[in-house]
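**Q** If you want the building blocks of each chain, they are given just below.
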Amino acid sequence: MAEKIATRQAYGDALAEFGVDEKIVVFDADLSKSTKTANFQKKFPERFFNMGIAEANMMCAAAGMSTCGKTVFASTFAIFAAGRACEQVRNSICYPNLNVKIGATHAGVSIGEDGASHQMLEDIANMRAMPNMTIISPADAVETRLAVKASIEHKGPVYLRLGRLNVPVIFDETYEFVIGKGVEIKSGTDLTIIATGLLVHEAIAAHGILAEKGIKARIVNMPTIKPIDEDIIVKAAKETGVIVTAEEHNIMGGLGSAVCEVVAEKYPVPVLRIGTKDKFGKSGKPELLLKEYGLTAEDIVRKAEEAIKLK
Amino acid sequence: MDKKTLLELKKKAVRTRKHILDEVYAAQSGHPGGSLSATEIFTYLFQHEMRIDPANPKWEDRDRFVLSKGHCAPGLYAALAIRGFFPEEDLKGFRSIDSYLQGHPSMKDVPGVDMSTGSLGQGISTAVGMALAGKLDKKDYRVFALLGDGEIQEGQVWEAFMSAAHYKLDNLTAFLDHNGLQIDGNISDVMCPEDVVEKFRAFCWNVIDIDGHDWEAIEAAVEEAKATKGRPTVIVLKTIKGKGVSYMEGVAGWHGMAPDEELYKKAIAELDEAMASLEV
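Chains as they are written, first to last, in this note's numbering: chain A, 3 to 313; chain B, 710 to 989.
One chain only, chain A, in its complex shape (with noise of 0.2 Å):
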C-alpha cells in the first residue's frame, strides 16, 4: 500500500525546504501546527512571523511585506483565507497583483470532526473569480513540493488548496508539474475523468473498478484550477465525447464549473460533475464524510457508467 502523507504536511516541508531563499517570508494565524509553517519556523525562525487570530490582517501584512521584494506566504484554514478574508485578498492582494502566495490548509470534508463551520467547500469558487489569481490544488505530497516551487517562481497571488487528511502518495520523482498544465495520469477513449487534489486518488480506483467492467476511462489530474488547462480538456471532449469531473468542493464555482465553461464554449458535451452539493459539510470521520457526501471511488463509477449513457 503507497504511504499516505497529507498535503498539509508536504507544504510546510517544502516551506522548510525552500525557504533557504532568503526572500521568502511565512506569516501564519495562529495555526503553525496545524499548517505545518511550524516546519518553516523551527529552520528560519527570523522570517516566520505569527500574526495571531486575525486573518484579515494577515493578509494585508502579507501584501504591504510583498512590495518589499518579499515572497510571503500567508497560512492559515481554507475557510479562513478564502472566507473571513475573502475581500483582503481580492483588494490589497489580487487588485494590485502582489506576490502573496496563500497557503490554504484543512479544504474540504475531509477535515472530518470539526465539522460545518471549519469545512471549507466554497474558496474555489471565491478565489477563480478574483482577476490574477492563480489556484493550485495538489493531490499528494509529491504534487504539494513541486506546487510550492512553483509558486515561489511564479510572480504574483497563488492560492494553494491543501487537506489535513493523509493522503496516498501518487507520484514519482519522475512526475513533472507545470503551473496551468493537466496531466492525463490514465489512457482511455470511453469517457474522460478530471479530478483534482483528493478525488485523484478516486479517480485512479475508479479508473480500475471500470476498466474490470469494460470501460476504459481517462483519467486527467487537474492541478491546476486556474488557469485551467483548456486544452487538456477540449481534447477529452473531443476523443472520449463525455467527462465527469471530481472535486472536494461544492459542485458550484469549482473545477466542474471551470471544465463547464470551457466544454460549452470551445466542444460542447455532456459534463456530469461530483462534488458536494451545494450542501455544508457536518462531524464524523473523514472517510464516513467522504462516502456520504459522495466523493468516493463508487460515486465516480456509478457517474461514469451514467456519463456514456449520454454519448
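Wrong hints could be hidden among the right ones.
Stretch by stretch, here's where chain A covers chain B in the computed footprint (C-beta under 8 Å, at least three residues) [stated by the list, open to error]: (1) 843 to 857; (2) 870 to 879; (3) 969 to 982.
Worth flagging that the hints you see were computed from the coordinates, not collected in a lab. Only a predicted model underlies this, so the values are computations on that prediction, with no experimental measurement involved. Quick reminder that beta carbons are idealized off the backbone N, C-alpha and C, glycines included.
With chain A's structure known, arrange chain B on it following the hints.
**A** Just chain B now, kept in the frame of chain A:
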C-alpha cells in the same frame, strides 16, 4: 523649521487644496472633505519629510506612505504631483476613463503610490507589513499611514494596531485625521470610536495628540515619532473637515460630493485669497 520653509509649505498647502478642488470639480465626484482636512499632513510629509525620489518611485530605500483612507486620493495625488511624480495638469483627469488617476489609489497605475487602498481598514495592515519588512532587512526607511476617524470603526484597524505594537514597529508612524465627521454624520452619532487617544494608548502605541493644521506641532510630533524607540507612534490630528473652503468646513455632506460651478469658483476665489495673503 525656518520661516522660509514654513512659508513654502503653507503655499504648497494652498496649491494642494486648489488641486483637490480642481480634481473633484473636473470629475464631478470624489472626496473633498477629508482631503482638505488632511492637506497639512499630506504637504508636510511629501514636500518636506519623506525620503522619496520622483525620478525613482520604486526606490527600495524610500520612505513609504499608505493612504489607508483611500478615498482621500485627491489630496494624495495633488501632493504627489506637486512633488514631481507626475505632471500637475494630469490631475484634471482624476476619475475619468482615459486617466491613470483611479478614484482610489492604485499602486499599479499611479507613480508614487506605494499601496492600492480604498477598502477601509486594510491600508494600515499593509503598512505594518512594510514596516516589518524594513525591520527584517535592517533598513532605515520609515513607513507612514494615514487613517480616517470613521475608518477606525473597522475592526481590522485594531488587529493592525495590535500587531504593530507586538512587533515593536518604531519605524511605523500612523496619523489619524480626526475631523469628527463621516458620510452619515458625526462619528460619535454614527458609531462612537472615542476615546481614540486612550484606545491607542491601551494598544501600547506612543500617542501624540495635536492640532492637525499647526505646522510646528506637526513637525514636533513627527520628530518625536522618529525618536521613539521600541513602539510605533500614532499622531492624532485634530482637524476640520473641508478645511480652507468656508462652506465645506465642518459639513459632513462634503465628505464625498463635488461642488457645482458657482461653489467651485467661490472655493477657488477663497484659496486664491489665501495664497495672496501668503505672498504679501
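**Q** Taking the earlier hints as the rules, which of them does this structure contradict?
**A** 3
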